[in-house]
Amino acid sequence: MLQLRDLKKSYRSPDGEVLLVVDVPSFDLEARGQVALEGRSGSGKTTFLNLIAGILKPETGSIVFDGEELVGASESRRDVFRAQHMGYVFQAFHLLGGHTALENVELGMLFGSGVDRAFAEHLLQRLGLADRMRYRPSQLSLGQQQRVALARALANKPKLVLADEPTGSLDVHHAGEALALTRELCAEQGAALLLVSHDHDVLEAFQTRYDLSKLNRAAREVPA
Amino acid sequence: MSLMRGLSSCWRIARRSLRQHALSSAVTVGSAALASGLVMSVFALSAQSREAFSGGETGFDAVLGAKGSELQLVMNTVFHLDTSPGNIPWSLYESAKTDRRVDVALPYAVGDNYQGFRIVGTTEDIFTEFQPREGEHLEFTQGSRAFDPAYREAVIGSVVAQRTGLRVGSKFLATHGVTGAGGPEHPGEYVVVGRLEPTNTPTDRVIWIPIEGIFRMDGHKLTGAGEVYEAQPGEVIPDEHKEISAVMIRTSSSGAGRMLEFEINKGDQATFAWPISESILQVFDKLGWVVLVLEGVALLVVVVAAASILASLYNTMNERRKEFAVLRALGARRHTVFSVIVIESTTIAGLGALFGGIVYFGTFSLAASIVREKTGVVLDVGMLHPALYWTPIGMLGMGALAGLLPAFKAYRTEVATTLAGGGY
Chain A
10 MLQLRDLKKS YRSPDGEVLL VVDVPSFDLE ARGQVALEGR SGSGKTTFLN LIAGILKPET
70 GSIVFDGEEL VGASESRRDV FRAQHMGYVF QAFHLLGGHT ALENVELGML FGSGVDRAFA
130 EHLLQRLGLA DRMRYRPSQL SLGQQQRVAL ARALANKPKL VLADEPTGSL DVHHAGEALA
190 LTRELCAEQG AALLLVSHDH DVLEAFQTRY DLSKLNRAAR EVPA
Chain B
876 MSLMRGLSSC WRIARRSLRQ HALSSAVTVG SAALASGLVM SVFALSAQSR EAFSGGETGF
936 DAVLGAKGSE LQLVMNTVFH LDTSPGNIPW SLYESAKTDR RVDVALPYAV GDNYQGFRIV
996 GTTEDIFTEF QPREGEHLEF TQGSRAFDPA YREAVIGSVV AQRTGLRVGS KFLATHGVTG
1056 AGGPEHPGEY VVVGRLEPTN TPTDRVIWIP IEGIFRMDGH KLTGAGEVYE AQPGEVIPDE
1116 HKEISAVMIR TSSSGAGRML EFEINKGDQA TFAWPISESI LQVFDKLGWV VLVLEGVALL
1176 VVVVAAASIL ASLYNTMNER RKEFAVLRAL GARRHTVFSV IVIESTTIAG LGALFGGIVY
1236 FGTFSLAASI VREKTGVVLD VGMLHPALYW TPIGMLGMGA LAGLLPAFKA YRTEVATTLA
1296 GGGY
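For the protein sequence lines, the chains are A and B, in the order given.
If you number the first sequence the way the working numbering does, the last residue is 233 and the count never jumps.
If you number the second sequence the way the working numbering does, the last residue is 1299 and the count never jumps.
No wet-lab data here; the hints were simulated from the structure.
Some hints could be false.
[Said to hold, decoys possible] Simulated crosslink set (DSSO-like; lysine-lysine; CA at most 27 Å straight-line):
{"id": "1", "chain 1": "A", "residue 1": "Lys168", "chain 2": "B", "residue 2": "Lys1197"}
{"id": "2", "chain 1": "A", "residue 1": "Lys66", "chain 2": "B", "residue 2": "Lys1197"}
{"id": "3", "chain 1": "B", "residue 1": "Lys1096", "chain 2": "B", "residue 2": "Lys942"}
{"id": "4", "chain 1": "B", "residue 1": "Lys1197", "chain 2": "A", "residue 2": "Lys166"}
{"id": "5", "chain 1": "A", "residue 1": "Lys223", "chain 2": "A", "residue 2": "Lys66"}
{"id": "6", "chain 1": "B", "residue 1": "Lys972", "chain 2": "A", "residue 2": "Lys66"}
{"id": "7", "chain 1": "B", "residue 1": "Lys972", "chain 2": "B", "residue 2": "Lys1161"}
[As the list claims (entries may be wrong)] A few chain A residues that don't get close to chain B, going by computed Cβ distances all over 12 Å:
{"id": "8", "residue": "Leu29"}
{"id": "9", "residue": "Val73"}
{"id": "10", "residue": "Glu84"}
{"id": "11", "residue": "Asp88"}
{"id": "12", "residue": "Arg91"}
{"id": "13", "residue": "Gly96"}
{"id": "14", "residue": "Phe99"}
{"id": "15", "residue": "Glu112"}
{"id": "16", "residue": "Leu116"}
{"id": "17", "residue": "Leu149"}
{"id": "18", "residue": "Arg161"}
{"id": "19", "residue": "Asp210"}
Yeah, the Cβ is synthetic: ideal placement off N, Cα and C, and Gly gets one too.
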């Protein structure tokens, strides 16, 4: 489903130095597959996920998703593609404070397949938030916010869910619970999961896992 | 994504944002409403006032009066405002009446009032010749009639009836002076025999009596012959002693009007104000710069309102940059977040224009009631003026323009750096 080849991305530092952040020769992910990437600080994990999501554009390389080459696509096309085929769970969740839990989930549908309130409600019910749909993020616990973020990522029925330290803000108990739910829901919805974490408990739950600092040749050049 | 679905998505986000920032949105809508209401009121009021004050020729196209200001003459006889510029001898009325260039001539004598409402002495022809509006005549309410020039009888306008409580059969004493400021009362009661249907013109505020009654009113001294003469009961008043305030004239043609104007105004005995509407228009033309300033100020207020829309949105941009980054991460394109902001600013302006209609209604109604109270001229709040549709359209345009700068800021949101905690 996802094939990455010779992917390179660099930034220019404030003093003008060009800093290579991602240099991945090859990476593949099967449809419905669940893969964990071990990413230490400075390993370029967020940049790597942003490249796959089409939020950032690499200097060179190829990202083929379901047969479509994304690297040469316009920013607008990548936005549409992301809206239709990908979900994103952020470490800080990034729920919108002015929206209720249900409205936040609906935002995940807005730019893709269109709002399906029944499905949004189904996702929240499935995640045990049936009685919290009208709550705003500030009225929810961190664990509940994480579940709303997961529901939002799944709202557009994506083929791939990208999760950047999705349990990083939770305590051990809630992190395990959240991870199980994330994996379960992705499998249930038929979405592949690419999760980045530095938490060994999280990483060990996955059969397929890679060390991003080995996968990304640029990571080895960045001090951890 | 189709255009309609795209707009629907933008509207959905914009609506929630406006709800989230309800207080600042409401304040900005309020300022836009005041601005648009003010613009509509100023433009509609100035246009309608000009039309109302210059449009009513009342069946006459000229006024003959004492040497002096044409405007004062017209204000005094057509709008029953201001003081009379002086009197003219009865002979001028007689001359006008027999002039081939004059179709109708009616004498007016003013100088008294009842509870502030002017008493105008004239002939009973007023009820057939006067036209409150083109083609219309004064109409009596049921059971009332025109005065008999041989008696102390009066016909009252509808506002007089409403405000003073006078009705057919009522008796009253005239007070000296054209205002109700406590002048001495003239002995000799007048009885109301007629009440006129409302005309929505200054006529509604007039009490009509026979002109003979003015001549014979106790205390009135006539100086038409250059010497003081006081009418005695039972004695015919010689014409040379009679004097009147003005003669309302309908000329036979515009050429006749022009000739009379030339002839009379070159002399020093009288003023011939012709055509009536031109005298009023001259005032509006002289005051044109005041109206321009008012209109300019009103338009400036719209610009200020647009600036406040810009400021209120721009000030929220920093706190909202994460929101835009999240939307972009969820697949919103740059032009989508751009559109969200423009829709928000246009919505604020649109709501402002909508509530501006209420402000307009209130402001215009208040102004119209004051104008009616002071002049009898009726301004119609329901009359369509181009400002009533151009202002909302203009407000929407200004709102959209005001949204461009903050929208551009939203457009430039970089997702990766913003979500990572960086700035623009």
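A quick look at each hint next to the structure:
The suggested pairing of Lys168/A with Lys1197/B holds, with an alpha-carbon distance near 25 Å, which does not exceed 27 Å. The hinted pair formed by Lys66/A and Lys1197/B meets the criterion: a straight-line CA distance of about 20 Å does not exceed 27 Å. The straight-line distance between the Cα atoms of Lys1096/B and Lys942/B is roughly 20 Å, inside the 27 Å bound, and the hint therefore holds. Proximity of Lys1197/B to Lys166/A is assessed by CA-CA distance (about 24 Å); at most 27 Å being required, the pair is judged to hold.
For the given pair, Lys223/A sits about 22 Å from Lys66/A by alpha-carbon distance, which is consistent with the 27 Å threshold. Between Lys972/B and Lys66/A, the direct Cα distance comes to roughly 96 Å. Violation of the 27 Å bound is thereby established for this hinted pair. Taking the CA atoms of Lys972/B and Lys1161/B, the gap is near 33 Å; set against the 27 Å cutoff, the hint is violated. Listed as a non-interface residue, Leu29/A keeps its Cβ farther than 12 Å from every Cβ of chain B; the least gap is roughly 16 Å.
Taking the minimum C-beta to C-beta distance to chain B, about 19 Å, the non-interface status of Val73/A holds against the 12 Å cut. Some Cβ of chain B comes within 12 Å of the Cβ of Glu84/A; the nearest lies about 7 Å off, and the non-interface call is violated. With 12 Å as the threshold on Cβ separation, the claim that Asp88/A sits away from chain B is violated: the shortest Cβ distance comes to roughly 5 Å. The Cβ of Arg91/A sits about 5 Å from the closest Cβ of chain B, inside the 12 Å cut-off, so the non-interface label is violated.
At roughly 9 Å, the least C-beta separation between Gly96/A and chain B is not larger than 12 Å, which violates its mark as non-interface. Residue placement check: Phe99/A does not keep its beta carbon more than 12 Å from all beta carbons of chain B (closest about 7 Å). Listed as a non-interface residue, Glu112/A fails to keep its Cβ farther than 12 Å from every Cβ of chain B; the least gap is roughly 7 Å. Its closest Cβ contact with chain B, about 6 Å, brings Leu116/A to no more than 12 Å, contrary to its assignment away from the interface.
At roughly 16 Å, the least C-beta separation between Leu149/A and chain B is larger than 12 Å, which holds for a residue marked as non-interface. At roughly 7 Å, the least C-beta separation between Arg161/A and chain B is not larger than 12 Å, which violates its mark as non-interface. At the 12 Å boundary, the C-beta of Asp210/A stays outside the reach of chain B, the nearest C-beta of that chain being 25 Å off.
Checked against the numbered hints above, the structure breaks hints 6, 7, 10, 11, 12, 13, 14, 15, 16 and 18 and satisfies the rest.
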